[in-house]
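Peer 1: Listed below, chain by chain, are the residues.
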Amino acid sequence: MWGILRQKVGGATCLSPQGVGSHMLRLRPVTSALRNYSSAAKEMTVRDALNSALDEEMAADPNVFVMGEEVGEYQGAYKITKGLLDKYGPERVVDTPITEAGFAGIGVGSAYHGLRPVIEFMTFNFSMQAIDHIINSAAKSNYMSAGQINVPIVFRGPNGPAAGVGAQHSQCYAAWYGSVPGLKVLVPYSSEDARGLLKAAIRDPDPVVFLENELLYGESFPVSAEALDSSFCLPIGKAKIEREGKDITITAFSKMVGYALKAAEILKKEGISAEVINLRSIRPLDRATINVSVRKTNRLLTVEEGFPQHGVGAEICASVVEDSFGYLDAPVERIAGADVPTPYAANLERMAFPQIEDIVRAAKRACYRSGTMVATA
Amino acid sequence: MEAAITKKDCIITAYRDHCIFLGRGGTLLESFAELMGRKAGCSRGKGGSMHFYKKDACFFGGHGIVGAQVPLGCGLAFAQKYRKEDHVTFAMYGDGAANQGQLFEALNMAALWDLPAILVCENNHYGMGTAEWRAAKSPAYYKRGDYVPGLKVDGMDAFAVKQACKFAKEHALKNGPIILEMDTYRYHGHSMSDPGSTYRTRDEISGVRQERDPIERIRKLILAHDIATEKELKDIEKQARKEVDEAIAQAKESPMPDESELFTNVYRKGFGVESFGTDRKELRASLP
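Here the protein sequences come in this chain order: P and W.
Numbered by this note's numbering, the letters in the first sequence go through residues 44 to 420 in order.
Numbered by this note's numbering, the letters in the second sequence go through residues 122 to 409 in order.
Isolated chain W (complex conformation):
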């Protein structure tokens, strides 16, 4: 996606936001530190896993309420159109969120007003533990836009994704909203507390990994076309692992936020108003 767009095009997504953040230019340290709730985190430890943002790269989060990011994304597109920018917004959501009413409300307005909004359904076929055929009467998410055109894309093929995003951006700037359904898969469970195997077979998971893994696909292509050697690829992987390990170590060194941070950023402009801790006679603060 990033290869097809600029950092002035906006992205907004749900809670599976870590890699989007990295794609927008966020660092590994900021990511790991935020997951650990440390000062060096991208949200200074105040947001957590679901609330990574990078406003200077037009990445607007990081949202925990399923579906909310879609109207928000249409709002970003509204602002882009209001300001007559030549940029678009990618509002990303999952197959689980695809049934949310607010998505259709926002899509209707985006279509009425020709907003440059691209709705990207990352269809990994499971909304938490519920398979798509149990949640959606019509799991053809790219068709659910009705009057809004949709494209189904092999989400495990990086080149297809790039082409689709390039196409969608051109389309949205001229014609208004479009839906991209990216056919993909989630190897792990929904979250740390989900083993991911109670609602599907292990064979299914390993099958996808063997047949469709996107990185493996690229690796094979590179080797087949002699663009790099096995060793060079292994070195890249080693380097990446090293960077990750270093970032994790650095993140562990980062301190927890100061206790005064409990009361910062409640408002952009607090007028010195009072806020309270759990025992208001014990802890009060003045909001700047």
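So here's chain P without its partners, still in its complex pose:
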């Protein structure tokens, strides 16, 4: 577990080993719907955002409960559920044995009977032990029962690589869960994403897989007054344009949004204006926003940490080729995790996951491919 320093206004250096800079967090989201934005916006870590979202939803609906390993007395393996046991008691914050298949099944069964469980996987690597319940017991039930049995459950936890945790603890499951009809799959990046999407997920009547990121838990983001309100919710299935641009569309989710934004800053200095899309939702995938963007920029680069074959980028590429082929001025570029199990040695691990320079390089490739001069920003 890495403790990342809270960002101070004024740009203190971030100690994240992945090199996520602090200053890009100051970027004002250009197309955000904030009504009360002021330069003295409050800051919140993703961890606190998730904790407050859980707290508010548990207060609002007595059917919401949390279940998982170490969620109660330990205050959460990553402290996401801190304080909830004291506030809501052991009947609503339930510590489980290390038996994912069992407690995921118990969670789904309780959802059949009308409760609204939030099941925590300590990481989504362990969800593979329970994947039958997520897919066969939860995702498909509403369909098989012709609408009789809906399953209002949330499966949440850290997804993808952390730092130096090895091959069995570093896989990204966005593509796997994203392929299953009947599931909703959400991928928050910022604290507003975390709050709004988790609240939406808990209120949603269908099973939601909520993929967080361990290294983002300690990062601070500005949050608007609107986002702090207990009724705040973000729409499921809508991506967010984090940064507008006109030369290339870069899609990313979770931690890679931060990397893409940093890459966009670097590209700007080289005369390339990148539009960065924060997917927020893998399923439903916001194909409309992606295609509108590519029709504007004519170039696409997809970024993800997961394995490249059959990944999220492959689906986005296919979607754009199907819907906007005539608008592409260059082949679609994909940056993804390396096609290997995650190595442990720090230098090899660095090679196994996308770095900012990979995003910059691929974007430039997409921009020079057609041979015409790119207009300076």
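Don't take every hint at face value.
[What the hints assert, rightly or not] Simulated pairs of lysine to aspartate or glutamate, EDC-like, Cα-Cα distance not exceeding 16 Å:
(1) W:Lys402 <-> P:Asp366
(2) P:Lys183 <-> W:Glu382
(3) P:Lys305 <-> P:Glu400
These aren't lab readings, by the way, just hints derived from the structure by calculation.
Based on these hints, arrange chain W on the given structure of chain P.
Peer 2: Relative to the frame of chain P, chain W by itself:
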């Protein structure tokens, strides 16, 4: 079982769910139509044989993955306890499923948290084609709960089953989980593609039918105690056959589901999101 419990007690089972559905109040028409994949089916033709449900009678299916229904059943019991209801859940499984790891995971949690869960092992002595002694080191399934008490019941004796379920319900409400092993038998093969005779003798099958058939047992009891005459019993059977034939005929009349049903019920709340047919340029739909 139904005689000992209410429709607010939950039942969940595996894929051999047709009669449980009928016991919970489902109709013959809904059953046959679902088997034929028709609109009038209990799952409107979308589920099939293994996926009958009746939520208003607390029957939660109908599950195709062997063993999955046991943790799900413990989850139903969890909800009953959470809501402080005075009801229990019967989670049914076969001797084949009794070796599943997730069963023990769920049983452990049910015991830790005193859930009102009754695990019912319908032991028909064969998991598909594998006899119990070839699959389980200990085929005494009622003892496999270790710290969870278990009862072995003659599953072919309706009165024993009723008493056992009544006892189990009282026990579970006070003390937490209990296992009931119902000793029973499967006359036919596992499914339509299994003749059922490659792994056991025909004598065994006919022997059980002669000695232990539950309906035959009741028939003899009724006649011995003059509760009804032979003719009355024959009339009941004729009436039942008539009902079945009528339901089958009606089910055959029921149409196949509309093609638009391909895309319904994927989500309870679809936000109008797009879904695709096999050729996405040919068939797309908006999920309501």
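Peer 1: Are the hints correct? Go through all of them and say.
Peer 2: Each hint, compared with the structure:
no., hint, result
1, W:Lys402 <-> P:Asp366, "holds, 9 Å"
2, P:Lys183 <-> W:Glu382, "holds, 15 Å"
3, P:Lys305 <-> P:Glu400, "holds, 10 Å"
The structure fails none of the hints (numbered hints given earlier).
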